[in-house]
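**Q** Line order of the protein sequences matches chains L and U. Just so we're aligned: 254 in UniProt numbering is position 254 of the first sequence, and the numbers increase by one with no gaps anywhere. Just so we're aligned: 40 in UniProt numbering is position 40 of the second sequence, and the numbers increase by one with no gaps anywhere.
It is possible that some hints are incorrect.
Where chains are identical, the list cannot tell them apart; a pair therefore holds if satisfied intra-copy or between any two copies.
Heads up, simulated PhoX-like pairs for lysine-lysine below, C-alpha to C-alpha not over 25 Å straight-line [as the list claims (entries may be wrong)]:
(1) 33 with 293
(2) 81 with 355
(3) 126 with 355
(4) 33 with 336
Hint data in this document are derived by calculation from the structure and do not stem from the laboratory.
Protein chains: 2
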Amino acid sequence: MRLSRYFLPVLKETPAEAQIVSHRYMLRAGMIKQASAGIYTWLPLGFKVLKNIENIVHEEQARAGHIPMLMPTIQSAELWKESGRYDDYGQEMLRITDRHDRDMLYGPTNEEQITDVFRSNVSSYKDLPLTLYQVQWKFRDEIRPRFGVMRGREFFMKDGYNFDLTKEDALHAYNRHLVSYLRTYERMGLQAIPMRADGGPIGGDYTHEFLVLAETGESEVFYDSQITDLKFGDREIDYDNVEQCQAVLEEFTSRYARTDETHDEAIFNEVPEERRRSARGIEVGQIFYFGTKYSEAMGATVQGPDGAKVPVHMGSHGIGVSRLLGAIIEASHDDKGIIWPEGVTPFHCGIVNLKQGDAEADEACEAIYKSLTALGLEPLYDDRNERAGGKFATMDLIGLPWRITVGPRGLKNGVVELTSRRTGESEELPPEQAIARIAQIYGKASA
Amino acid sequence: MRLSRYFLPVLKETPAEAQIVSHRYMLRAGMIKQASAGIYTWLPLGFKVLKNIENIVHEEQARAGHIPMLMPTIQSAELWKESGRYDDYGQEMLRITDRHDRDMLYGPTNEEQITDVFRSNVSSYKDLPLTLYQVQWKFRDEIRPRFGVMRGREFFMKDGYNFDLTKEDALHAYNRHLVSYLRTYERMGLQAIPMRADGGPIGGDYTHEFLVLAETGESEVFYDSQITDLKFGDREIDYDNVEQCQAVLEEFTSRYARTDETHDEAIFNEVPEERRRSARGIEVGQIFYFGTKYSEAMGATVQGPDGAKVPVHMGSHGIGVSRLLGAIIEASHDDKGIIWPEGVTPFHCGIVNLKQGDAEADEACEAIYKSLTALGLEPLYDDRNERAGGKFATMDLIGLPWRITVGPRGLKNGVVELTSRRTGESEELPPEQAIARIAQIYGKASA
Numbered sequence: 001m002r003l004s005r006y007f008l009p010v011l012k013e014t015p016a017e018a019q020i021v022s023h024r025y026m027l028r029a030g031m032i033k034q035a036s037a038g039i040y041t042w043l044p045l046g047f048k049v050l051k052n053i054e055n056i057v058h059e060e061q062a063r064a065g066h067i068p069m070l071m072p073t074i075q076s077a078e079l080w081k082e083s084g085r086y087d088d089y090g091q092e093m094l095r096i097t098d099r100h101d102r103d104m105l106y107g108p109t110n111e112e113q114i115t116d117v118f119r120s121n122v123s124s125y126k127d128l129p130l131t132l133y134q135v136q137w138k139f140r141d142e143i144r145p146r147f148g149v150m151r152g153r154e155f156f157m158k159d160g161y162n163f164d165l166t167k168e169d170a171l172h173a174y175n176r177h178l179v180s181y182l183r184t185y186e187r188m189g190l191q192a193i194p195m196r197a198d199g200g201p202i203g204g205d206y207t208h209e210f211l212v213l214a215e216t217g218e219s220e221v222f223y224d225s226q227i228t229d230l231k232f233g234d235r236e237i238d239y240d241n242v243e244q245c246q247a248v249l250e251e252f253t254s255r256y257a258r259t260d261e262t263h264d265e266a267i268f269n270e271v272p273e274e275r276r277r278s279a280r281g282i283e284v285g286q287i288f289y290f291g292t293k294y295s296e297a298m299g300a301t302v303q304g305p306d307g308a309k310v311p312v313h314m315g316s317h318g319i320g321v322s323r324l325l326g327a328i329i330e331a332s333h334d335d336k337g338i339i340w341p342e343g344v345t346p347f348h349c350g351i352v353n354l355k356q357g358d359a360e361a362d363e364a365c366e367a368i369y370k371s372l373t374a375l376g377l378e379p380l381y382d383d384r385n386e387r388a389g390g391k392f393a394t395m396d397l398i399g400l401p402w403r404i405t406v407g408p409r410g411l412k413n414g415v416v417e418l419t420s421r422r423t424g425e426s427e428e429l430p431p432e433q434a435i436a437r438i439a440q441i442y443g444k445a446s447a
Numbered sequence: 001m002r003l004s005r006y007f008l009p010v011l012k013e014t015p016a017e018a019q020i021v022s023h024r025y026m027l028r029a030g031m032i033k034q035a036s037a038g039i040y041t042w043l044p045l046g047f048k049v050l051k052n053i054e055n056i057v058h059e060e061q062a063r064a065g066h067i068p069m070l071m072p073t074i075q076s077a078e079l080w081k082e083s084g085r086y087d088d089y090g091q092e093m094l095r096i097t098d099r100h101d102r103d104m105l106y107g108p109t110n111e112e113q114i115t116d117v118f119r120s121n122v123s124s125y126k127d128l129p130l131t132l133y134q135v136q137w138k139f140r141d142e143i144r145p146r147f148g149v150m151r152g153r154e155f156f157m158k159d160g161y162n163f164d165l166t167k168e169d170a171l172h173a174y175n176r177h178l179v180s181y182l183r184t185y186e187r188m189g190l191q192a193i194p195m196r197a198d199g200g201p202i203g204g205d206y207t208h209e210f211l212v213l214a215e216t217g218e219s220e221v222f223y224d225s226q227i228t229d230l231k232f233g234d235r236e237i238d239y240d241n242v243e244q245c246q247a248v249l250e251e252f253t254s255r256y257a258r259t260d261e262t263h264d265e266a267i268f269n270e271v272p273e274e275r276r277r278s279a280r281g282i283e284v285g286q287i288f289y290f291g292t293k294y295s296e297a298m299g300a301t302v303q304g305p306d307g308a309k310v311p312v313h314m315g316s317h318g319i320g321v322s323r324l325l326g327a328i329i330e331a332s333h334d335d336k337g338i339i340w341p342e343g344v345t346p347f348h349c350g351i352v353n354l355k356q357g358d359a360e361a362d363e364a365c366e367a368i369y370k371s372l373t374a375l376g377l378e379p380l381y382d383d384r385n386e387r388a389g390g391k392f393a394t395m396d397l398i399g400l401p402w403r404i405t406v407g408p409r410g411l412k413n414g415v416v417e418l419t420s421r422r423t424g425e426s427e428e429l430p431p432e433q434a435i436a437r438i439a440q441i442y443g444k445a446s447a
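Construct all of the structure, not just a fragment, from the sequences and the given hints.
**A** As structure tokens, then:
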């Protein structure tokens, strides 16, 4: 993309209403614009990162064998009355009356809708196991929306639901989700620690939250420091293999790691003192096994192998997709701006032309732009007639992990500058080597 | 995808509520399930086609140089009061009151929101031309939603908005949209004819609707038969080239083609009688140039080259993404089910195993499945223990354009059967040749 043709309305001033760094940088970098309290327009740069995160979620769900679908945002109140949650949910549910005076609502979650889909279409254990999921907009009418996309009212979320014949099968689905979530967050450059959590209004005997450590986190968390050494890495997992998934669960959840909601001082004190940590954390996902709670209330049964009808065992599993943008920035920034991990960056590389209009510099930039594009990469080329200082400030603010700087002086010596946003380190090298380096970083075959 | 692991709840009976063929087949093929009146859950097969259509829209918008973003579904009423449309819009607007008693609404369209984004961020003609668009859910509280996704209440739509300094520039943006829409529809296997239309509540001096001819269309249309011979094809277009885009507009709109709203019998009668046609059409998109209507009402101005502030010239341009599924099926089906065009098909090819459990047949199917997958294609392998008749009926109903049938008898002679869903013609050939044929059809390099 050529910046002269893009829509990147960066702000010079820090907006007064933004209390945390991710909110400030998302506004300043032209990623979002508040439409009304807790509701945001995703400007092109923000939308691009949102899509990248959504795509990673889809890819990892596909790898785990889960099936994508999509439920509508507006639901009838009927199903919620059936499950008993219509009255329970309180004022966070956005309640709507349509033109025929029917009670509707903007879905804050979808256990009822998905259970209805299931009971209408599945009647035999032979169709199990089944895990369906969606990535869809949801609405919770927070009394005091704040922190930008971290606690918005309209938010984008992945929610998945497993249906199994037995508790054992459902716990395998639970483990499968834990594994796929570990992979998902790591691909986004995040360490998200599964912590024992509280069931809350969704209910559930087994539940873990995934927390990213960050000073601005809304939760206090307590953990054994050994847990931050764990890495899923690029190990191969057979998601159908019960033992393999169980082993990952045990590896990642056997050490103490709890939020303040479930924290138990006595158990925590059994951890050797030098490994005890307390910190702040941002919740970016949660998994639940809740058994037959909804299937019994809503009659979601299947005929088992013995012919008897039994309610299915269910769980639900969520990833806060829009919230993740905030979490990633909270975990990865400096005083100049955002530092995107390579896995989610909106553009793979910035190209800064130090002297727009200089024939040689323009030509070199165009050539680099075309080479990167031909490799399947998306560079952002700052081709505006601006001073170098302003171009650097914009690139630093929007946080592309790599920048190629091109100027007449370097070109005279046959070199451009390749700079890492994270370390700030620069290296002079011939354009084709800079391109090859970028290609290698992103796993693209260089020409 | 292996069908035994997919969620494809096909129905044997034709649902009574479905009056038109696309609605019937979408329900029967397990693509959608009604959640409430005019609101649908997109089951996995339906969701897959919806995504394919959305992707084509994104690709063609990118080609035209338009910038994607995303606006929220829930809007504040304030902007609509500013533009004067809050009272005008009537009962089709889903009006909502939040917990703080603020007037909100579920966006039926987004001229106000996008104009607000523009006026908050753009102040100079140097940032023009600019075209922003989104593909987002919208809601219109239709009094009698019907025909499935063709006239639903919650629907998925691409809406784009151009901002230009002059009327001439804005008309070029109009032409650019016309060109990109022609390409978009053709890639979906549709002939969508641009017809002179009526501005309606969005307003506009220049507007064309795109109509797909189909017996069940809601509009009566009148056209010169020469128009159906026009094809955009694979011609190269430079979207920045004013003359090229203008020439396409002239080529595709100079012949008589109007909906009943703008039909003029006198002008129509100038068309030679043997070329005069009347038929039914389904609207799948519309483009508008409406000048400074919203920019004046909402103060969206830029400083021109002479320093004076001028309101920008705007247009808006929509494609009915979810509605397109219905339109494609109306235009492409037979009495056995849907016939997907290759451009949007949910799976590239079906594989039917005539004798599941037969070692040789199972092995051959697996090998074909893996070869197609390795080529970057997505086959749907019916690996269920069902009779051949049932498998064929399902494949015909869901409409995959190609089917490879594998059975012990054929394998003895070293052949499988390749069948075109459209023509019904079958051909026996060795598995590797069938794979090569499928690869060639979808433009994939065969191994």
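**Q** Hint by hint, which ones does the structure fall short of?
**A** Number 2 - this is the single hint that the structure violates.
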